[in-house]
Amino acid sequence: MLTLALVLMVVIPAVGGVLAGAFKGASSRGAAVTAAAATAALAAWATATVYGGAHAAAVGDMPWLGGPAATPVVGVLLDPLGSILLLVVTVIGLLTVVYSTRYLGMDNRDHRVPPTEHPRYYFWLLLFLASMVGVAISPNFLQLFFFWELTTVCSWALISYYRNEKSLAAGFKALVVTQVGGVFFLVALLILFARTGSFEFGALALLPDRLRLVVFVLLLLAAWAKAAQVPFHTWLPEAMEAPTPISAYLHAAAMVKAGVFLMARSVSSGWAMPVEVGMVMGAMAVLTLFIALTYYFVQDDLKRLLAYSTIAHLGYVLLGISLGALGSTVGFRGGVLHIICHGFAKATLFLCVGAIAYVTGSRSISALGGLAKTMPLTAAAFFVGVLAATGVPPFSCFWSKFMILSGAVQLGGAIGPVLLVLVLLESLIAFSWMVYVGQKVFFGERTPVACVNSDPPPAMSGVLVALMIGCLLAPAVGIPLVQWIGR
Amino acid sequence: MTSALLLQTCVLLLLGGALVSLACARNRALAGWVSVAFVAAACVPLARVVVNVFAGVAEGETVLLALPALPARLTVHVDALSAFFLVLTGVIALLSTLFSVRYMEHFEKDTVAKFYPVLLVFFASMVALLVVTDMLFFLVFWELMTLSSFFLVIFERERKDSQRAGLKYFVITHAATLCMIAGTLVLWRQAGSFSFAALQDSLGVLLAERAVVAHLVLFLFFVGFATKAGVLPMGDWLPDAHPAAPSGVSAALSGVLVKLGIYGLIRVFCSFLPVSAASDTWGVVLALAGTVSLFVGTLTALRQTDSKRLMAFHTIGQIGYICLGLGVGVACLRTSPTIAALALLGALFHAANHACFKACLFLGAGAVLHRTGERDMDRLGGLAASMPVTASSTTVAALSISGVPPFNGFTSKWLIVAACILGGLQHPLFLVLGLVGMFISLVTLASFLKVLGAVFMGARDESRSVKEVPLSMALPQVVLAALCVLLGVFPRLPLGVLRDAVASAVRIEVPGADALLGTGFGLGLTAGGLALAFWAPLVVVLALALGGALAYAIQRAGAAKVREVPVWTCGELDSAAAVRYPASSFYLPFKHAFAGIYPALHARVPQFPAALRRAFNVDTWLYRPVVRAVDGLARGVSRSHVGVPQVYLLWIAVGAVVVVAVMLALTR
Amino acid sequence: MRTIVVVGLAVLNAAIALLLSPLLEGLMRKLKATIHSRIGPPVTQPYLDLLKLLGKEDLRTGRGFLYAAAPALTLGSVLVLATLVPMGAAPPLSFAGDIIVVLYVAAMSAVLVMLTGFGSASPYASVGSSREMMTLLTVEPVMAVALVVGAVKAGTLSTAGILAWQVEHGPSISMVIAGVAFLLALQAQAGKLPFDIPEADQEIMGGSLIEQSGPRLALFRWAMWAKQLVLAFLLVELFVPWPRVGILPFDLMLALVKVSLVLVVVALVDVVNPRLRIDQAMGYYLRVAFSSLAALAFAVIGM
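Protein chains in written order, with the working numbering: chain R, 2 to 488; chain E, 2 to 669; chain P, 12 to 314.
FYI, nobody ran anything at the bench for these hints, they're computed from the structure.
Incorrect hints may appear among the rest.
Under 8 Å between C-beta atoms, here's a sample of chain P residues computed to sit facing chain E [unchecked claim]:
1) P52
2) L265
3) V282
4) P285
With a cut-off of at most 27 Å between alpha-carbon atoms, the simulated DSS-like pairs for lysine-lysine come out as follows [unchecked claim]:
5) P:K67 to P:K269
6) P:K63 to P:K43
7) R:K374 to R:K441
8) P:K67 to E:K562
9) R:K441 to E:K161
10) E:K110 to E:K169
11) E:K562 to P:K63
12) R:K374 to E:K161
13) P:K41 to P:K63
14) E:K562 to R:K441
15) R:K441 to E:K169
16) P:K41 to P:K67
17) E:K468 to R:K374
18) E:K110 to E:K562
19) R:K374 to E:K110
20) P:K43 to P:K269
21) E:K110 to E:K161
Quick look at which bits of chain E chain R covers, simulated, 3 or more residues with Cβ under 8 Å [said to hold, decoys possible]:
22) 69-77
23) 618-630
Ideal Cβ positions, reconstructed from N, Cα and C, are used throughout, including at glycine.
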């Protein structure tokens, strides 16, 4: 029953995507929303059912790929780690689809999209949803790789959705960079299979030391490319050419999380990551935090600002995971919790920017001002998002950041205090800047650009409200789930 | 009902009130009165809890929620110290909400949806943080309080100065919270739990084993709490933030919010810190910090002409007194518990008194602002005739804050200064600090005489018609002014209660109330058979009444006729505004003497070196060159493919020759 | 029995302050006239002034309870101060107020005068009050340091305790310095030249009291005279209480003689000095305050 549900979670959105692509107008939207809603409901049910344990089952068999571990290659696996990602992709996916039903259209002052273009959008979006669910419930590296590459393709298609020169270039760049990551992943996979004859996550622990180091470095490179970490961070800001819901979903909440999810999987399956790799991962995460931070102050486009913030937050997740690799369970849990917490916070922020662009046609920080008067709900959502993303209690990211910091302190030695100081410093600067930007855009005198508008239509406003609640409640769902992760 | 249940009721009522007032925000008056009703209702269970605590009903900690992932537990426990601060919160919350109902008419264009709900959440967070005994949840509620007060500070969002004040407030206090998070985590590593008791033990262990780390942790907590309390130099946010908020909120900010910083300081430095050489050191640090802020804060206040900004600077000054008392108390804990208890009593009593008179002063300034639209004291004058209730309440509060006997401010300052001088017998530094305290109390007086002289007295401006504020705004002021008098004249009852609070806060045996306060009708401290210090407000009031009556009898002895006459201005007839002595002219030579005491620093957006940013831009120096190189290589290769068969044949021939040559070279 | 003694002594102190202060003021005037080579008014002139003023019309420019009650409260507060100060015996209300209370009660009359000044809505009065405040700001710390020196020596804040200690232990360096500082402060507290800046008749025509007339003016004057007497008593009793025989009338007479001497010194300084500017006065008292800190240092090391 549970296995069926898990399989259906991949099938339903895929089929829904095909239907939405085939239909036109309202029925296309209807198919998309229905499929996303069904997937989200199934995900919630499945998570609740396996809560506290894990569910693994075989679905098919590929004997020529089965190795000595003798576990089937095609199957499903739902454990607390997967549940976290599953909830993020399905719930935020549903909200994004609902939001998109109004965002795409002729009323959008930022980008008018004629109705004939809609089915293509929903097709790729739902296909992406299906492949992300696939990533979350993959029981082995091979299947994970398959869905991983699928998300790359969807991402390319959706970034280039507007088909203008800039978006085509941005899509191509994203495709190339993430594909390079995919190649690293593939090589790691081949080494793993050649050596152990298995694609199991646990097989990593069976590798000899030197080879394990190589495999982990390759996996790390793959994760960096996918999660837009330094030095592969340049594709993400340019991917902001995508429609805003896509930026919110793919490039903040879901697709980039596939990268960090891969690391979380690799680390937590057997806890076999070599310490050196863990160190490098943590150091690069901190470096990423600060490099991303330096870009904050020069951004005028709200979406690009949020993109850099996303890069920094993925750094947080990787930092937490590296703490796990170095021996701190709390830090690892914090990193995983950050996936869901940041997902909701950043989706809120992006969709707020989408709402602003929808009604004003502008995303420029310097051109906007005094929006709170006309768009109170968006203003509230934006501030909730800012506070949640920068880790102000009681909102979501506070809890995950706090757990990551706890992990850092738990490690002790010289690393703990240094990380503590660096992370808190980054938090403070990011917080100050984001609040400053929030004040600039929403408070103060109204600028001409910001003069004529009101909150976005109910479908979009409703999504914003849901996300605000999500920002508050994400830890309430996440903390009980992550407490089962550990050795 | 247990305390935990009562407190949950209280917090839920406040949060429910927030939702209801949000729902009916379209009707301004209704939303206001609903909020008042909910706050009043929430005060009932709160009062019950407080009464239980002071009646000595013992209750253990109640666990409301557990987070095994960390692990942390939301535990609730009210001791006498918490109860004391709960009283402050309840009283000020109720009065400031009541005041706000009519005051908010002032802001016609702003919706009250951004006011009452936030205000109630603010109160709820304060109640919650006072009763939890788990550091993680304490920090959560602490920051919830910060962020809700931030939205209250930037209520007038269109104003640039409000925005600046709000940002400054939020950033500085958030930085302080991050310090506290760091300190907490270091202790947590040792303790493995976030409960106050465990952190307390781990601080003791740390102090014994790694004293440097322990002092660092204490420093982090000191910065964290002192920032919120408004102790200079960290309290620099306060003079901007308090005036920016609507007056009812200013009263709550100055009355309660900054006191919670003091609450935190007491928890850390009295409860967590073991009585040892370390507590002596930190006591001196606290006392010095307090003296710096009372000195600088009050002298800077003297130079202000904006009434609310002036009061905000005085908040810094008065918090300095509290901090001074606290520091003397902590420093004396080991050597002389009696003086320590006296100083801590003084600090807590001053906290209560400051809540009364500063809230009253802010409400008074708000009332003036409400009726005249003016905060600049240079442009006000002679309001006592048209706003008698506001004028008399403000006068009482002003005399209280200046420490004029027999009002409450004097009693608490007396306790603090007496503790300073008596503590100075062992530690001479405190003598100087006590003298500075006495001097600054005069500066406070000067500053508030200026307020009274410039705003309420002086030449009346007949052209402006000003009425007294409505009852709902006058009542809170009158209540607070009455409290100022009552607490001042009958200090034994509140001090007896505060003695329990001190006893619950410190880790040593505190002398009983009789030993501390004497047994007579006033306050008297005797130690070792030697009479040390006395203050009997009732006797002095009685003597003053008798002396005054006698003097009045003399005054009326000649039955002189009373006649009202116009002011004599050397025969010139000028308008009231022209002959008025404006606030900025007061004490000019004195102000010049202390002009450089509060330097202004201007923060700028960090200019990041462009070279470094270029270095971070991997695209330009790594990826694009690589792509271009690959591209160029491919072009080069494709250039050789010209499509002419003869050329290809030539290539084949050349290739064959090369291959043969190589083969020959290798095989030979 | 004890209560009766306390009340009796309190009444005695208040009566001395009230009834003898015009006489001493008269003496000072006479002395000044002598130095000026004038005949001067009779010694009883201040009494006559008061009597005359009490019968005059009471003209008011301000309203409100505080403004109306200020003269009576001012004189009342000085009478309270008198009961907190030793006059030949321990201060009768010593149990109700220590030296901190004494300092604050001493400031009360000044507060009321200043409030009256602001309340009378005259710019001259406001300038006067403002100057009065600045004088207070600079003088009060000097008095505070001097009294705290006594507290440090005696180890108690109680006025009676300090007096008893001083009688028992005899003179000491710190108390001498403190006493001198207190004497210098008295000059300004009494509003005499060169520190009569708040009144400065030639500049601001009496300052705070410019709009006061009739009985109100009488009470304010009376309060100021009484205050200078009481503070002189505080000076001689705390810093030079010797010899002490323990018989009230004798000690009281002796104290009165010493007080007269102190006031003679004050009058002499008054008559030979021109008025300072307020900033000069502030600088002067700043130096006095810092010098008196030396007394504190001596006291701390037990000298």
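Going through the hints against the structure:
Because the closest C-beta pair between P:P52 and chain E is about 21 Å apart, greater than 8 Å, the hint is violated. Restraint check, P:L265 versus chain E: the minimum CB separation of about 25 Å is more than 8 Å; hint violated. Because the smallest distance between the Cβ of P:V282 and any Cβ of chain E comes to about 26 Å, over 8 Å, the interface hint for this residue is violated. Look at P:P285: its Cβ only gets to about 18 Å from chain E, farther than 8 Å, so that hint breaks.
For the suggested pair P:K67 and P:K269, the alpha carbons sit about 35 Å apart, so the restraint of at most 27 Å is broken. Distance hint between P:K63 and P:K43 is fulfilled; the C-alpha atoms sit about 23 Å from each other, no more than 27 Å. Between R:K374 and R:K441, the direct Cα distance comes to roughly 13 Å. Compliance with the 27 Å bound is thereby established for this hinted pair. Taking the CA atoms of P:K67 and E:K562, the gap is about 8 Å. The hint holds against a cut of 27 Å.
Between the alpha carbons of R:K441 and E:K161 the distance comes to roughly 10 Å, so the proposed pair stays at or under 27 Å and holds. In summary, the hint linking E:K110 to E:K169 is supported, as the alpha carbons are separated by about 25 Å, within the 27 Å threshold. Distance restraint check for E:K562 and P:K63: the Cα-Cα separation of roughly 14 Å lies within the 27 Å cut-off, and the hinted pair is therefore satisfied. For the given pair, R:K374 sits about 15 Å from E:K161 by alpha-carbon distance, which is consistent with the 27 Å threshold.
Taking the CA atoms of P:K41 and P:K63, the gap is about 20 Å. The hint holds against a cut of 27 Å. For the hint pairing E:K562 with R:K441, the CA-to-CA distance comes to about 65 Å; that exceeds 27 Å, so the pair is violated. A C-alpha spacing of about 14 Å is found between R:K441 and E:K169, which places the hinted pair at or below 27 Å, so the restraint holds. The suggested pairing of P:K41 with P:K67 holds, with an alpha-carbon distance near 25 Å, which does not exceed 27 Å.
In summary, the hint linking E:K468 to R:K374 is not supported, as the alpha carbons are separated by about 32 Å, beyond the 27 Å threshold. For the hint linking E:K110 to E:K562, the alpha-carbon distance of about 53 Å lies beyond 27 Å, and the restraint is violated. Using a Cα cut-off of 27 Å, the hinted pair R:K374 and E:K110 holds, with the two alpha carbons roughly 10 Å apart. With a C-alpha separation of about 19 Å, the suggested pairing of P:K43 with P:K269 holds against the 27 Å cut-off.
Under the criterion of a C-alpha separation no larger than 27 Å, the hint pairing E:K110 with E:K161 is consistent with the structure, at around 17 Å. Counting residues of the region 69-77 of chain E whose beta carbon lies closer than 8 Å to any beta carbon of chain R gives 3, which reaches the threshold of three, so the coverage claim holds. Look at the region 618-630 of chain E against chain R: 5 of its residues bring a Cβ nearer than 8 Å to a Cβ of that chain, three or more, so the hint holds.
Consistency note: the structure conflicts with the earlier hints numbered 1, 2, 3, 4, 5, 14, 17, 18.
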